[in-house]
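Chemist: Listed below, chain by chain, are the residues.
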Amino acid sequence: MSTVGTGSNDKCKIGVYVCHCGINISSKVDVSKTVRFAAKLPHVTVSREYKFMCADPGQDLIQQDIRDGRINRAVVASCSPLMHEPTFRNTMAEAGGNPFLFQMANIREHVSWVTLDNTAATEKAMSLISAAVERVVFHQPLMPNRVPVHPDVLVVGGGIAGIHAALTLADAGQKVYLVEREPSIGGHMAKFDKTFPTLDCSACILTPKMSAVRAHSNITLWSYSEVIGVDGFVGNFKVRVRRKPRYIIEERCVGCLDCIEACIYKSGKVPDEFNEGLVKRKPVYIPFPQATPLVAVIDAKTCIGIRTGKCKMTCIDACERDAIDLNQSEEINEIEVGAIILATGFKTFNAKRIYRYGYGKYSNIYTSLELERMVNAAGPTGGEITLKNGQKPKAVGIVHCVGSRDNKTNKYCSKVCCMYSLKLAHLIKERTGAEVYNFYIDMRTPGKGYEEFYDRLLEENVHFIRGRVAEITDWVMTPEEEGKLVIRAEDTLVGVVRRVPVDMVVLSVGLEPQPDAEDVGRLFNISCTREGWFLERHPKLAPVSTFTDGIFLAGACQGPKDIPDSVAQAGAAAAEALALIDRGYVVLEPNTAYVQDELCSGCKTCIDLCPYGAISFDDEKDTAKVNGALCKGCGTCVASCPSGSLQQYLFTDDQIFSEIKGVILYA
Amino acid sequence: MSYLYFPGCSLKSSGRAYEESMLSVFSTLGLKINEIEDWNCCGATAYMSISELKAFALSARIFALAERQMQASDRADIVVPCAACYLGLNKTRHYLAEHPKLRRKIYKALNAANLKYTGRMQVRHPLDVLNNDVGIEKISSLLVNPLEGVQIACYYGCQLLRPYSDFDDQHEPSTMDRLLKALGAEIVDWPLKSRCCGGSLTGTVQDVGLRLSYILLKEAKKRGCDVIATACPLCQFNLECYQSRMNRYYKDKINVPVAYFTQLMGIAFGLSPQQLGIQRLFIPLKSGAGHVCL
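Residue numbers (our numbering), protein chains in the order written: chain V, 29 to 695; chain Z, 38 to 331.
If you're looking for bench data, these hints aren't it; they were derived computationally from the structure.
Be careful, since some hints might not be right.
Claimed, not checked - Straight line, CA to CA, 20 Å or less: simulated PhoX-like cross-link-like pairs of lysine-lysine:
no., chain 1, residue 1, chain 2, residue 2
1, Z, K142, Z, K128
2, Z, K91, Z, K128
3, Z, K258, V, K512
4, Z, K255, V, K512
5, V, K420, V, K457
6, V, K653, V, K632
7, Z, K259, V, K512
8, V, K457, V, K222
9, V, K203, V, K266
Could you put together the complete structure from these sequences and hints?
Modeler: See the structure below:
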């Protein structure tokens with residue numbers, strides 16, 4: 029049996045290397061016992077242990093054994109292959125071995141980290157080592173596939189993260205597709221008045237970048253569009269983008285606003301999304317003055333011309349450039365790209381979910397994003413902070429952690445709310461002179477210049493009360509509370525329950541994943557955390573990569589983030605994409621399917637099942653034939669083949685059955 | 038539909054009007070209800086804070102008696118009108134399900150009295166039964182004497198809702214509002230409906246207890262309420278019986294009737310005041326509510 033299926037004339041000589049991983053493995057698994065056990069397994073010629081197999085001295089052990097002719101195959105029992113399989117395959121190759129005559133047994137994630145009992149852990153480690161040894165006997169020498177990388181990049185989401193990533197790539201000479209769901213790029217940052225802690229004007233620093241996107245010859249901007257299909261793999265993605273009809277011919281529109289003037293609705297009819305519903309817009313609109321592209325859009329749900337056809341269609345007459353086309357239909361564009369950057373952002377917490385805070389029940393209670401619009405000079409009130417009755421507030425309460433750090437809603441800290449609350453407190457104080465009360469659990473202001481900004485607010489006599497707000501109500505106890513909103517909270521520094529009467533309340537809502545994050549994750553074949561944030565490949569060492577090669581993350585879609593962090597991450601994602609493109613090729617696992625001609629009956633079952641069209645029929649031989657360049661190694665054909673003729677490299681029947689045998693033999 | 042019934046001590050003494058009105062309303066709706074034989078005190082809040090184990094044992098005995106009264110395989114819900122009993126029994130159910138050590142001790146204690154607890158009985162409040170088993174439609178079909186023009190502030194209190202209520206929102210309840218609205222009443226927008234009345238503090242630390250009750254009454258009066266509807270005998274007692282003392286203490290003139298929601302339902306069904314224990318109220322239903330009563 030020694031040379032059966034080995035594809036080599038050499039006698040099968042297996043080296044087993046068990047890793048302590050510091051104490052990650054050795055505190056649960058009796059490593060020496062597993063080494064003695066492995067030494068007695070068939071074909072094992074060397075069995076060793078080492079504190080860190082992935083360190084150079086650990087790898088040297090394997091290489092020396094290969095060079096000395098003691099082994100020609102290796103099993104490393106250590107961590108997950110996701111972590112170090114590439115490391116040890118390289119180790120094999122560098123010493124002149126074949127990288128695929130190697131198998132890993134995961135005795136850390138699958139054993140020591142998840143087993144309480146030491147004896148049970150050792151037993152399980154031994155059975156996994158036994159399985160790996162049995163399997164590696166049937167491994168064949170293989171060569172990895174090299175595939176060229178398409179140089180174009182897709183960026184999904186046109187907020188500050190997507191904009192920055194797209195510009196970085198385009199400046200480096202790559203062609204970029206920037207796809208944005210809304211009619212304009214800009215994202216949340218376009219809605220802000222000032223940014224913390226420097227208080228520079230948000231629009232002043234964002235809009236030049238938006239214009240740069242518009243003007244850049246390397247960027248194709250598709251706004252009002254969504255990605256609907258992703259096929260392929262790293263370096264060679266095929267993406268389908270749906271361009272929603274905006275009923276305006278983008279190339280002709282110059283953003284003159286004549287159509288909006290001419291709309292038969294003389295005033296707004298629909299809550300204006302850009303202004304957080306504080307005012308209404310018409311069915312034909314441009315979201316904001318600096319919108320990019322500066323092209324009108326007609327909302328089909330509310331335009332009576334589109335809905336019923338019974339409209340005077342004054343907008344069409346008003347447009348001198350004949351840019352309006354009410355019969356426009358959606359367009360599907362197909363593109364090929366080598367890398368994808370997801371920068372799909374976040375949504376804010378729905379404050380109505382915490383009923384006792386009275387949002388939607390009492391007037392003059394606003395979310396932080398609504399207040400951002402109110403303090404914005406280009407916003408619905410021209411930057412005036414006013415109550416519903418038109419007066420200026422004399423006292424304003426800012427409630428932190430609404431939908432954050434709360435077992436009933438979201439457990440996590442949304443990271444940006446303390447700082448934006450400070451910013452809003454400053455702006456409210458500056459514009460109205462009102463007393464401002466911040467109700468906080470903990471002030472979290474780590475960041476360059478952030479703590480100093482907090483100090484500045486203390487100097488400005490903004491009040492800080494430490495305690496989560498219990499309720500916001502209109503029942504009063506004293507004449508001073510009459511007609512006010514009363515904020516009830518325990519002041520945990522003083523140890524009393526406070527009732528603070530105010531005229532206006534700002535709810536500092538937390539950040540949540542986009543409502544369709546799960547669907548988007550599925551579309552791009554990446555995972556989400558329990559909360560719905562996109563999952564990075566490694567929280568510390570691969571924060572912008574995902575478990576799908578060639579797909580990178582930027583901005584708040586990966587977790588709550590402020591502008592500097594989003595921009596930094598966008599730059600990192602662009603650099604990762606560039607590294608991939610610059611190399612020019614990707615190395616793919618040689619896990620393709622192949623046909624054993626003598627067993628193939630020519631039934632053609634596999635041909636229709638192959639999702640990639642990789643199988644054809646050889647009329648001369650009367651057998652199926654796999655095109656290795658097209659095969660993605662999904663295994664569908666292998667599982668369906670009635671005669672067992674189809675096999676897959678790295679997953680042959682022999683390999684899988686012997687692995688199972690290894691576990692059973694041990695038991 | 039038939040239910041087992043655990044009255045608890047209040048409904049046989051200070052809260053007799055609650056029992057009388059609930060039984061009358063249930064029988065009008067065709068609900069059958071059997072009192073648990075040989076029941077004992079639920080342990081309430083007092084016992085729970087002195088000896089948890091004994092408090093759990095008392096409640097567990099009630100469940101065990103209820104199980105004995107039914108056929109071995111039958112399930113039945115226990116209707117518990119008193120909010121303190123509702124909390125105590127639910128707490129016992131949850132703790133016995135979640136803590137095996139405690140469960141073993143309680144089993145042993147019950148075994149000594151030849152009793153067994155399996156946990157097959159659910160605890161239900163009349164508000165839950167009326168809303169979810171009977172339904173608003175059936176209830177409004179029996180309406181003969183609409184509570185038109187009566188401004189009612191529905192008061193749920195705290196123990197009924199938190200932390201075990203699964204039939205209503207724990208902070209913004211609405212089951213009582215819906216019932217009484219269906220019977221023609223106008224519901225006062227009163228944000229204090231699930232705030233504590235002071236509970237047993239009225240008897241122990243009276244200035245704190247009185248203050249908590251006074252906050253409720255003052256705001257209810259301000260919002261134009263004719264009558265407060267309650268679903269708890271202790272809340273009813275605190276809010277009604279101490280009004281004159283509050284008036285002295287806070288120099289106010291509060292005089293708001295406090296009735297059980299079942300009494301108001303009975304009035305709407307056209308039942309006689311005697312059937313509903315109306316004569317037991319210290320502050321008579323007059324003004325708005327009176328005209329429908331008499």
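Chemist: Run through the hints listed earlier and report the numbers of any the structure violates, in increasing order.
Modeler: Those not satisfied: there are none.
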